[in-house]
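Asks: Please build the complete structure, drawing on both the sequences and the hints.
Protein chains in written order, with my numbering: chain A, 67 to 626; chain B, 67 to 626; chain C, 4 to 287; chain D, 4 to 287.
Hints listed in this document are in silico derivations from the structure and should not be mistaken for laboratory results. A few of these clues could be false.
Stated by the list, open to error - Anything over 10 Å on all C-beta distances counts as not near chain B; from chain C, calculated:
(1) 8
(2) 42
(3) 129
(4) 131
(5) 140
(6) 164
(7) 203
(8) 258
(9) 280
Claimed, not checked - To be clear about the criterion: a stretch of chain C counts as covered by chain D if any three or more of its residues have a C-beta under 8 Å from a C-beta of chain D, and this derived list gives those stretches:
(10) 19-32
(11) 174-184
(12) 227-234
A virtual CB, placed ideally from N, CA and C, is assigned to each residue, including glycine.
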Amino acid sequence: MNNGVLNLLIGGEAGQGLVTIGQLMAKSLVRAGYSIVVTQSYQSRIRGGHNTFAIRVSPKEIHASQEEVDLLIALNEETVELHRKHLSPGGLIIIDESLNAANDKSLRVPFNELGSSRSINIIALGIAGSLLGLDAKLVEHAVDDFFGHKHPENVQENRKALANSFKWCAAKEITGFHLPGISNPAERLMMNGNEAIALGALSAGLKFYSFYPMTPSTSIALTLAAHAQRMGVAVEQAEDEIAVINMALGASFAGALSMVGTSGGGFALMTEGVSLSAMTETPVVIVVSQRPGPATGLPTRTAQGDLEFVLHAGHGEFPRAVFSPGSVEECFHLTRAALYLSQECQGPVIILTDQFLADSYRAVPPFDVEKLASVNTECEADLTASPYERYADTGNGVSPRHIPGLTENLVVADSDEHTTDGHLTEDLTSAKKMIDKRLRKLDLIRREVIPPERWGDEKPDLLLVTWGSSKGAAIEAAGRLGAEGMNVSALHFSQVWPLVSQHFLSTLEGAGEVVCVEGNATGQLARLIRRETGFLIEKQVHRYDGLPLTAEFIIHELSS
Amino acid sequence: MNNGVLNLLIGGEAGQGLVTIGQLMAKSLVRAGYSIVVTQSYQSRIRGGHNTFAIRVSPKEIHASQEEVDLLIALNEETVELHRKHLSPGGLIIIDESLNAANDKSLRVPFNELGSSRSINIIALGIAGSLLGLDAKLVEHAVDDFFGHKHPENVQENRKALANSFKWCAAKEITGFHLPGISNPAERLMMNGNEAIALGALSAGLKFYSFYPMTPSTSIALTLAAHAQRMGVAVEQAEDEIAVINMALGASFAGALSMVGTSGGGFALMTEGVSLSAMTETPVVIVVSQRPGPATGLPTRTAQGDLEFVLHAGHGEFPRAVFSPGSVEECFHLTRAALYLSQECQGPVIILTDQFLADSYRAVPPFDVEKLASVNTECEADLTASPYERYADTGNGVSPRHIPGLTENLVVADSDEHTTDGHLTEDLTSAKKMIDKRLRKLDLIRREVIPPERWGDEKPDLLLVTWGSSKGAAIEAAGRLGAEGMNVSALHFSQVWPLVSQHFLSTLEGAGEVVCVEGNATGQLARLIRRETGFLIEKQVHRYDGLPLTAEFIIHELSS
Amino acid sequence: MVTINDYGQFETAWCPGCGNHSILQAVKKALTGLSIEPHEVLFISGIGQAAKAPHYLRANVFNGLHGRSLPVATGAKTSNPDLAVIVESGDGCNYGEGGNHFLAAIRRNVDITVLVHNNQVYGLTKGQASPTTSRGVITKAQPEGALSKPFNPLSVAVAMGASFAARGFSGDVNQLALLIQEAVANPGFSLVDILHPCVSFNKINTFAWYKERCQPLPPEYDPRDWEAAIKTACQWGDQIPTGIIYRSSDQPTFGQFLPFLSKGPLARQGVDRTALKEVMSSFR
Amino acid sequence: MVTINDYGQFETAWCPGCGNHSILQAVKKALTGLSIEPHEVLFISGIGQAAKAPHYLRANVFNGLHGRSLPVATGAKTSNPDLAVIVESGDGCNYGEGGNHFLAAIRRNVDITVLVHNNQVYGLTKGQASPTTSRGVITKAQPEGALSKPFNPLSVAVAMGASFAARGFSGDVNQLALLIQEAVANPGFSLVDILHPCVSFNKINTFAWYKERCQPLPPEYDPRDWEAAIKTACQWGDQIPTGIIYRSSDQPTFGQFLPFLSKGPLARQGVDRTALKEVMSSFR
Ligand SMILES: Cc1ncc(C[n+]2csc(CCOP(=O)(O)OP(=O)(O)O)c2C)c(N)n1
Ligand SMILES: Cc1ncc(C[n+]2csc(CCOP(=O)(O)OP(=O)(O)O)c2C)c(N)n1
Ligand code: SF4
Ligand code: SF4
Ligand SMILES: [Mg+2]
Ligand SMILES: [Mg+2]
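Replies: Set out below in structure tokens:
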């Protein structure tokens, strides 16, 4: 444990229920007022194999995961084998005493004395809760809330096992893992990046979401589906990703605020639709949750390898925006921003997230529902010249948008090049005008770009540049190096397109050395920055083994 | 007529047969020894509308089309209206005397005196042939060859009409359009860019071609289909473009040299397959014949708008090569190079052409069939370690490739991340190794890059940079400006990826001013050059109205 | 009252003699017959000669990608159940590029009408074989003849128990208009496969060819009899039955599963903040 | 002689109790029975639990994209007609993402065998409805129940006159092995839809559920009788027929239209320079 920051890792086979332990522990910690960063690592299988659920916890705000493990809850022997090397000097392994993992660092727990075989997860939770010094009642509430409505018959049994475990563990008097107490914790929500995207969308007035299952994007759909009837949102699993995007465009054209979600391979199938969105000027938000490619790659791991792909996807030339949230809260707010912008610029807007962030639970301050405006898809009625022309050629390129059937105006959209009234044309002069009109919208998008955010000095000796989910790792690395006496800052892009050089070029130029930190093998943001500004970031840190960037990784790479 | 260069434009409705006149005229000119550049312009409809077939002809080599028209063969009145403004000072309109286009520049021809209504095209051909001073017999042969086997019953009627037209026109004694004669013309072939791609592929040993019809790529398939049985090539129209690329990958995996062709929208549907090609290391050549987008855009016009799209298509990171032929001959040779390279680097190779080049007939010196090596898809038998591993980790990243069924080695390919034996793995260390192995192949591709070609001084005052089909226009513009006393060079990229800065950076830096000339609205090659070299090409000429670049256009833009 | 003039009269880019002209006529007639006003209908089409049809009448139009009209229609109808949603596209669009959506749309049973202009050829791209081209038919792309067995959309639709499956012929505008009316009125997925000549590229299935073969189903034919329907659907040759081949309107439509659609177009439903707060608090 | 050991024995990533284990057994048995050696067979699969199957035996393998095995198989078989080409993938792969290829493959009648591991659910992505999930079945992605009518692959295959269409059940390995043998031996497109339990995500169509319902067709059943076949194909409920439901092996295969395939694998055919010269001279 470092400065009250502790990393707990639960490991075992798929199907052993380690996610349940993890979620309950995370929930308890959040309710107790701690900051958490969850890192889930799993394989593309349903039973067996080796999965982990890591919770990094701290009384102060933290934003990244950690590789070193303080508490290892090993649900099988393999977990010990695989993770022993990550154990911190004072670290402890929690393991069923019947398992063979002889190690002086282990706390051997008599699982079958503390509860039935059904309660193994609860026992593990109890032991860990006790070690961390959590209030037993708080943990019990979390368990009740979780299982209560699903399995009311087990409530008593669970409570019993939990109490036993707390008691057994307390008797061991191991105090090195007690977290600093927090009094009167403020209320926070616990959610992961995908849930935050779903909630952000619901709050903005999402009315249509289509998808085809694909890890790590599926949980956006599951979250929306769970609340769809209540919120009046059509959530439809389509026959394929081509249908996904075309359905969403149909729904959007007919006035529903629309979004889709997928991962790289599914997005590949949508690229023709991205171009269609641009051509017909039909808004759509596309969430691309990255995993390592090419092709099927490592379907359950994380990566930041699709920036250039989403940026250039679709034939022909047209404006777009690409957001890249760096935290769960940003997932919420940038999804709202993306939906808003898609309507404003009447075209495709992309949210680029990844498996790490998608599955990473965090504590988030509650959102003020009353203050969250929702997005309107219709233009003001009086904005209409007569006869109504869907593609009226305006100064900023945005034409007043009516919704078919909601007024008597006829709304005509066309995938061919068209005249202002939406009907296809082969007149090359008007074709060129339409291209210009559409491209003008980039200025509008540019004006609303979210500038990259800087942590640390304006003119540091070392500047770490990141985008997307690597934000926390870079900030923390900067902080740690700072603590060692270096002058290090971090610059994070939560919007990677368009890039407005006035926002950041002077920062790059002002830094002693600039290092771009990305979750890919070739340095895509660095290349993009050079393309847009001429600024060459020679030194780069790449991680592309399927795991998220961490401060440890960055610092290690910088020193090698 | 300028320096013996003459531009003949035939205009009329779709269905009037203007392509037949054009092809016959082009054939006659090629056989007579002239250099030609054909520009076809047509609409996305089968009857009616307004189409043109322009032949620029010269006794010396020419490489680009021309906007000014010397001889306008108007098959209807609309043609005169639309193209009168393009007529050169001494230009002439050839038109049926029954049509209303009173103009002192017109030669009013009594079509129905010279032949039957079936022979209108032949008459137009005869008149034009006579005006150009072509040998009547040579034109007659071209007509016989063309119609002979299809409509033997019409041979006499055609000959009659042709003779009448030559005679009628000769009597008019119009000599201003006579082309300089060429004695003992060398034999050349007449073909357009798509035909050259098909022939290049056949000569390299193409064995499988799948496609889904899409203008302007379809004629590659038609050319191949016409010769498929004779050449032993499977040419299959698939159910959609996704099937197209996956079929080709299946065929390639099983040993057939494979290629596909499409345009932007169809390519969009193939992007997942591009990534699959890279991951499974299965060679495939993808011809993308550009037309203006986004979406359906202008389906029968030309553009250079998909460079960035094809360069970044597919999720994940992997090497590829992108060729961009600048002439019909380059279409032939670069297709061969692409097929060769796809096998060598075992992955996707793209040929980026466009409607202009696809449909542009030119005179091409015959290829020496004996000297054209064909491509082998199998590795040497003795290259095999035992047990055979499809993805053996080699120094240059290329693993020996066996073909399933042809030896007793088992060949295992996988779209998931895999071990060297091709079976899926979730081991992150070997995953990273595989990514590195695949990316190493970029070095190999880089070593074989075709450097850009320069015309003119090494250190000019003005350097025009182009890629793909705009080559001829840039060279000609440079030449014309040179003739006016400026020191202008042209630099053409017939391979746009990878870019090797040593090949061209000094040329860029040595030029007084650099202008990038592209058939798109945003300057994609210029951006790419900046990304790869840091060199900013500020001045750019963009054409994106669906028409090909010409020297006139470039010079006009430069001076404005 | 809605008259046929409300739907306008436009110049088309079709060849003279093309069956598309008659189909356009029948569509206008059907809509007039149903008293649907132009702003109440949304046409969705793909790319092809057939898919240009919606440009030649007054209505709301989304002319999307080749092969993708069905998902667009599904999204649009779900977004605004008050719209009459009609897909108009070719055999290539619906049974070739869009084949997967055809299967899914039948299963999903969204209340839309699909008019397939089936000329048994790819018209706009100049005459390649389409999924409905007969085996052996020679084209420039298939110089040895089309190699695949032709697709019979009606037998598949009936086998899958589509809500409504009919065949029309452009040469019988009156019958066709009635079929379209029935299709639009049918609650659920309604397919009208419309045979029509392509004078430029289909030299086999000409107007005369169809005229000779197309025979309206007799009045006593019962489209609710599945066994009769599957046999009728498979008939193709000297006699080609036209009319409503199958209907089973009693199955639930997609929209019925989304009760909130009864509150009208999604565009105007806004955000229920009480519900949103509840959702938020489930993350506490 | 080929023995089952030639096909190896591997650890799998499937759940204990999953029907995939039995299907794998049946496949090995069938190949052994056909005396096909591992290097003579090429397995092609997509992505899903089922699609992992080829990794668990010794053979040539192309494990491609989700939903895209049929076109890969088409290309491979055309490229080397000597290979026995077998597609192995799930219901999601073949009837969901790959639905259009399913239709095209039946029509094209390439001589390949398609084994669909049909667990009526998306297994690998954790239990969403698949095209064969019954209407109303509740999943996390379909909390109000699956809204679409389920896809019956056999009724569509029979309606389209597929060359060979059978249904197997993982609980009857002997019958299944025989069906696979027949399918591989059949010249043309052969479908074996194989029902199997997914113990992790399909709590409705369990082993017992299938066991109770699956009934082999009686010996007197004639799979060449189309009318009987289309009715049999549609049977689903208390009784689910298994066996060869339809066959019409007399139709031409795709390969028969490409005479040069008789010269063996395309990889070794080289370039006929005389022919190439002729082609070149047609451009003079
Ligand atoms: C993705 C994609 N692939 C191919 C095309 C080219 N294309 C345009 S229309 C068409 C065929 C149209 O045939 P059909 O749907 O039967 O319509 P028809 O012209 O016969 O009415 C094709 C292949 C396209 N526009 N988009
Ligand atoms: C283009 C694409 N979309 C989605 C996925 C995610 N995906 C992987 S397997 C699968 C479903 C598998 O279901 P099924 O084919 O029935 O196989 P099962 O796992 O049930 O055996 C999906 C949707 C993918 N890999 N690729
Ligand atoms: S090509 Fe055929 S389908 Fe197209 S307009 Fe002409 S006749 Fe009609
Ligand atoms: S999830 Fe289902 S299909 Fe997948 S291995 Fe487990 S039981 Fe089999
Ligand atoms: Mg058609
Ligand atoms: Mg399944």
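Asks: Next, verify each hint and record whether it holds.
Replies: Going down the list of hints, with the structure as the test:
| no. | hint | verdict |
| --- | --- | --- |
| 1 | 8 | holds, 25 Å |
| 2 | 42 | holds, 25 Å |
| 3 | 129 | violated, 7 Å |
| 4 | 131 | violated, 5 Å |
| 5 | 140 | holds, 12 Å |
| 6 | 164 | holds, 24 Å |
| 7 | 203 | violated, 5 Å |
| 8 | 258 | holds, 28 Å |
| 9 | 280 | holds, 38 Å |
| 10 | 19-32 | violated (count 0) |
| 11 | 174-184 | violated (count 0) |
| 12 | 227-234 | holds (count 3) |
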